[in-house]
Amino acid sequence: MTPQNVHLPISNLRELGGYQTTDGQTIKTGVLYRCGHMSELTPDQVQIYQSLKLRTIIDLRRDDEVSDRPTPQFGDETNIHISVSDPDNAFAEAAARAHEPDGAKLILAGAVQYYTEIITRSIGRYIPVMEYIFDPNNLPLLFHCTAGKDRTGFVAAAILKFLDVPDEVAIKDYLLTNELLAERADERVVAWRKRLATERGIDETDIDQEALNALRTLMLTHRDMIQATFTAVEATYGNWHNLRRRALGVSDKQLETFKTNVLE
Numbered sequence: 028m029t030p031q032n033v034h035l036p037i038s039n040l041r042e043l044g045g046y047q048t049t050d051g052q053t054i055k056t057g058v059l060y061r062c063g064h065m066s067e068l069t070p071d072q073v074q075i076y077q078s079l080k081l082r083t084i085i086d087l088r089r090d091d092e093v094s095d096r097p098t099p100q101f102g103d104e105t106n107i108h109i110s111v112s113d114p115d116n117a118f119a120e121a122a123a124r125a126h127e128p129d130g131a132k133l134i135l136a137g138a139v140q141y142y143t144e145i146i147t148r149s150i151g152r153y154i155p156v157m158e159y160i161f162d163p164n165n166l167p168l169l170f171h172c173t174a175g176k177d178r179t180g181f182v183a184a185a186i187l188k189f190l191d192v193p194d195e196v197a198i199k200d201y202l203l204t205n206e207l208l209a210e211r212a213d214e215r216v217v218a219w220r221k222r223l224a225t226e227r228g229i230d231e232t233d234i235d236q237e238a239l240n241a242l243r244t245l246m247l248t249h250r251d252m253i254q255a256t257f258t259a260v261e262a263t264y265g266n267w268h269n270l271r272r273r274a275l276g277v278s279d280k281q282l283e284t285f286k287t288n289v290l291e
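Here the sequence shown is numbered in our numbering, starting from 28 and rising by one per residue.
Honestly, the hints are just simulated from the structure, not real lab data.
Even for Gly, the Cβ is constructed at its ideal location relative to N, Cα and C.
It cannot be assumed that every hint is accurate.
To be verified - Listed next, with one range per pair, are the computed distances between beta-carbon atoms:
#	residue 1	residue 2	range
1	G45	R250	15 to 25 Å
2	G51	A119	40 to 50 Å
3	T232	P163	49 to 59 Å
4	P155	E231	41 to 51 Å
5	N266	D233	45 to 55 Å
6	E231	P163	46 to 56 Å
7	Q77	V196	25 to 35 Å
8	S66	G151	25 to 35 Å
Unchecked claim - Derived DSSO-like pairs: lysine-lysine, alpha-carbon spacing no greater than 27 Å straight-line:
#	residue 1	residue 2
9	K55	K199
10	K221	K132
11	K55	K80
12	K199	K132
13	K286	K55
Required output: the full structure, derived from the provided sequences and hints.
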């Protein structure tokens, strides 16, 4: 595995390189990466990360997440911790109700609200993140959270849109998480079914399928989630570049400098 074709399911690792912009340019390989936590890597997987020759890692997680699953040091890279999480966000509140009837629907609805509120409520938390990303001195750069799908998914979508990658391509990148994490999600569902059956003293076939669906919804991505962000951007700012300028403080000059370093 080389930096040009990085796909590592165990940590949802992949790069943004290779995507084309609307004006025919291509994002360079080997400069921008995204993933989930990296605390359970095998020695071979650590070598994959070392091969990326990262200069900067941005950790988007809460303090407790960082303590529970610390990020390894792969080389001389700088590890920057910037928590973007609002502790009382709608996604977290819905996840706590996963055991209730219609748990999957509750989680999806909470997630849609969460992805909307990234734009309408929490966008300021991402200002320092973008400051690091748009500084070419920090490349090659990797950004991550725990699963590499929600906080990381928004940052990836924003970068792609700021580089003028088409909406459908940015959304497809977001949904790629489902391919990389599907096996792990299936394993978690099987394990959870067994645990619930044991705790309740019942057969596994008697476990409420809705509860299992809720867990799977929590672990994977859904188009409705990221679409909520796109809708909120349009409704609140008109387009992604207005969001970049007004809410995140990334100037047109900064963007052009960034483009010269990440596009070809």
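Consistency of the hints with the structure:
In this structure the hint that G45 and R250 lie 15 to 25 Å apart at CB holds, the actual value being about 21 Å. A hinted range of 40 to 50 Å for the beta carbons of G51 and A119 is consistent with their spacing of about 41 Å. Checking the proposed 49 to 59 Å range against T232 and P163 shows it holds: the Cβ atoms sit about 56 Å from each other. Look at P155 against E231: about 46 Å separates their beta carbons, and that is inside 41 to 51 Å.
One distance hint, 45 to 55 Å for the beta-carbon pair N266 and D233, holds here, with the actual separation near 51 Å. Judged by the Cβ atoms, the range 46 to 56 Å given for E231 and P163 holds: they are separated by roughly 53 Å. At about 29 Å, the CB distance of Q77 to V196 agrees with the hint of 25 to 35 Å. Roughly 28 Å separates the CB atoms of S66 and G151, a value that falls within the hinted 25 to 35 Å.
For the hint pairing K55 with K199, the CA-to-CA distance comes to about 18 Å; that is within 27 Å, so the pair holds. Pair hint K221 plus K132 holds up; C-alpha atoms about 23 Å apart against a cutoff of 27 Å. At most 27 Å may separate the alpha-carbon atoms for a hinted pair to count; K55 and K80 meet this at roughly 15 Å. Annotation: proposed proximity of K199 to K132 holds, straight-line Cα distance about 22 Å (limit 27 Å).
For the proposed pair K286 and K55, the alpha carbon gap of about 10 Å is at most 27 Å, so the pair holds.
The structure meets every hint from the earlier list without exception.
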